[in-house]
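Work out the full structure, taking the sequences as your base and the hints as a guide.
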Amino acid sequence: MAKVTINEERCKGCGLCVRACPKKIMQLSKTKLNSKGYHPAEVTEPEACIACAACARTCPDVVIQVER
Amino acid sequence: MAKNLMKGCEAIAEAAIQAGCRYFFGYPITPQNDIPEYMSARMPKIGGCFLQAESEVAAINMVYGAAGAGARVMTSSSSPGISLKMEGISYIAGAELPCVIVNMMRGGPGLGSIQASQGDYFQTTKGGGHGDYHMIAYAPASVQEAIDLMQTAFDVADKYRTPVMVLADGIIGQMMEPVEIKENTGNAPKKDWATTGWKKGERARAVVNSLYIEVEDLEEMTERLQARYRQIEKDETLVECYNTDGAEFILCAYGTVARICKTAIAQLQKQGVKAGLVRPITVWPFPAKAVHDAMCAPGVKMALCVEISAGQMIEDVRLAVNGEREIAFLGHAGSRVPTAEEIAEKVLAMRGA
Amino acid sequence: MAVVFKKTEALTDTVMHYCPGCGHGIVHRLVAEVIEEMGLQEKTVGVAPVGCAVFAYRYFNVDIQEAAHGRAPAVATGAKRVLGPDSLVFTYQGDGDLASIGTAEIVQAAHRGEKISVIFINNAIYGMTGGQMAPTTLLGQKTTTSPYGRDKELCGSPIRMSELLATIEGSAYIERTAVNSTANIIKTKKAIQKAFGAQVNRKGFSLVEVLSTCPTNWGKSPVESMDWLEEAMLPYYPLGVYKEV
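Residue numbers (this note's numbering), protein chains in the order written: chain B, 1 to 68; chain X, 1001 to 1353; chain E, 2001 to 2245.
No lab work stands behind these hints: they were computed from the structure. Where is the CB? At the ideal position from N, CA and C, for every residue including glycine. Be aware that one or more of the hints could be misleading.
Straight-line Cα separation of at most 30 Å, DSBU-like style, residue types lysine-lysine; simulated pairs [what the hints assert, rightly or not]:
id, chain 1, residue 1, chain 2, residue 2
1, E, K2220, E, K2187
2, E, K2190, B, K23
3, X, K1346, X, K1289
4, B, K3, B, K24
5, E, K2220, B, K36
6, E, K2187, B, K23
7, E, K2007, B, K3
Just so you have them, the derived chain E footprint on chain B, three or more residues with Cβ under 8 Å [stated by the list, open to error]:
id, stretch
8, 15–21
9, 46–58
10, 62–68
A few chain E residues that face chain X, going by a derived Cβ cut-off under 10 Å, partial list only [what the hints assert, rightly or not]:
id, residue
11, E2037
12, Q2041
13, N2061
14, A2074
15, K2080
16, R2112
17, T2182
18, I2186
See the structure below:
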């Protein structure tokens, strides 16, 4: 069981976490916008997450926390 | 302490050490090499650091880093080298760091000469580097005064968190005179703004910086600096008035030239001409009131400014008297030093005219 | 639940001003994590550059000095000489700052074996000033001051700083890494650990050159930029350890 917490308000929607995720279970939200106008990242299949933290390690804004 | 015969540059270096300076960063240039050479011999023996930088640009930035870490630190150079340091001096002023810079002025512009000059007055007092800042500048007229002012310079730099220049000329640096160097107990204040490693809870995180990207923030910083400059003008202006009471002729000069003026005044005295001298010891802040009062006193008939330059300080003298008195000029651009006889002759000629 | 990854205390909580997808944020985090993990936060003094990382003093949660353009190694020298061997003094510089205006300072700091560590971000362009050509700009690369592509006849070939600095006797640790993949990000962190270790163990000058991206001035998306780093930069700037004593 893994838990990925994304500080959506601070996410700049760069998509590097989407690129880094080995399970291909991240995307930039198609529905949400934060107050800066970015589509924040989100996990599409939380149950498939392996808590490798590749997303967090590539995030330039350090907005992702990963727990297992 | 007994008097010792010392060369100006070496005396200045030892005075800095006695004032608690333990860090020196410099680069060779004539005529001030005796300062770094002396420091390179002394610093390792007293737990200090002498470092020969790759350039004057690097040296002044090493001064920035050391001052930012809380040390009493200095550098020295001569005119072309000081030009290179000007970038760093502006940053030091902006980051509100204390340090001392010695300039043994030589002839310019460009490579100029290696003989004494006073051609850096504009650069020293009117900015030199970019932005709205000032630098306190002491202009000694003897080796002993250079020693005493070095020690004052470190205290004043710390007091106001500002760069301070000791503006001497090649003659002061190369001349030997009997001098006494007092040990300065060093009243360096506690520097809780310095970057020494941050232990949470002891103080705020230290940031040494001159960047204020918001207009309001930059204005707040520059207003803080300007308030400090007004305080410095009020409390730190130094001037000597020599033989001015009842004088009919007032000379104005600083540094070595002021000393030559005193000889000229003695020569004139013998010929029945009463002349006096007003000598700025700080060229910034400029002692405008003392200069005005000396030159515009009742009984004064004429005034003359003497410099080893094409006429730089004379602009401040003219501002000080604000049209109340015509100011004549005697000087040589480059490095030719006016003689006492030349000054006396000029006074007599003006008087006879 | 156990925390696998969370933000280090050695970064402040200030939102970074960098453009979306800029590699600076990744490297800031790595430097801060190493400082925290080595227990050096109270002994660290950073030196920030001029360039995009000019505001680094807002982000690193340590004492820090902001230097003039290119002069960070000189400022760090002054600070290190005062603070002594138990301190950790590092500079964080970009390629305009380090490889152009500050070449004298960086070469001479290495030459003295100055016990400082340098984090050097090479993204082949001037970022803060608006995408002008850097000494590291690749041949043919278009920038605002090489609008027809960098021309070798006009301005030479891109400079390889790690290789240059590794030839200097005073260098103790020199490595080039990149932020294009998770594996390389982890390698970058290890390189920073080694560089800081070289300083703490008083071995000499250390530098980690990190190949990074500038999506805004490259005119590419953050993801495309990482791909371009791999395709264009890696062949010219080989990764690896160039010096280790």
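Could you check if I2186(E) really has its C-beta closer than 10 Å to a C-beta on chain X? 28 Å, violated
Less than 10 Å between beta-carbons is the criterion; does N2061(E) satisfy it with respect to chain X? 7 Å, holds
Have a go at the R2112(E) hint: is there a Cβ in chain X nearer than 10 Å to its own Cβ? 8 Å, holds
Quick one, is the T2182(E) hint okay against chain X at 10 Å, beta carbons? T2182(E) check fails; min Cβ-Cβ to chain X is 31 Å, beyond 10 Å.
Would the stated hint for Q2041(E) survive a check requiring a Cβ distance to chain X of less than 10 Å? Because about 7 Å separates Q2041(E) from the closest Cβ in chain X, which is inside the 10 Å limit, the hint holds.
K2190(E) paired with K23(B) [C-alpha distance capped at 30 Å]: 25 Å, holds
Sort out whether K1289(X) lies within 30 Å of K1346(X), counting only the CA atoms. Given pair K1346(X), K1289(X) holds - Cα atoms ~25 Å apart, limit 30 Å.
Chain E covers the stretch 15–21 of chain B, three or more CB atoms within 8 Å, holds or violated: holds (count 5)
Can the restraint linking K2220(E) and K36(B) be considered satisfied, given a maximum Cα separation of 30 Å? Status holds; Cα separation ~20 Å.
Checking one constraint from the list: CA of K2220(E) to CA of K2187(E), max 30 Å. Satisfied? 25 Å, holds
Residue hint K2080(E), partner chain X, criterion CB-CB below 10 Å: 8 Å, holds
How about the stretch 62–68 of chain B: do at least three of its residues have a C-beta closer than 8 Å to a C-beta of chain E? holds (count 6)
Going down the numbered hints, you'll see the structure goes against 11, 17, 18, while the others check out.
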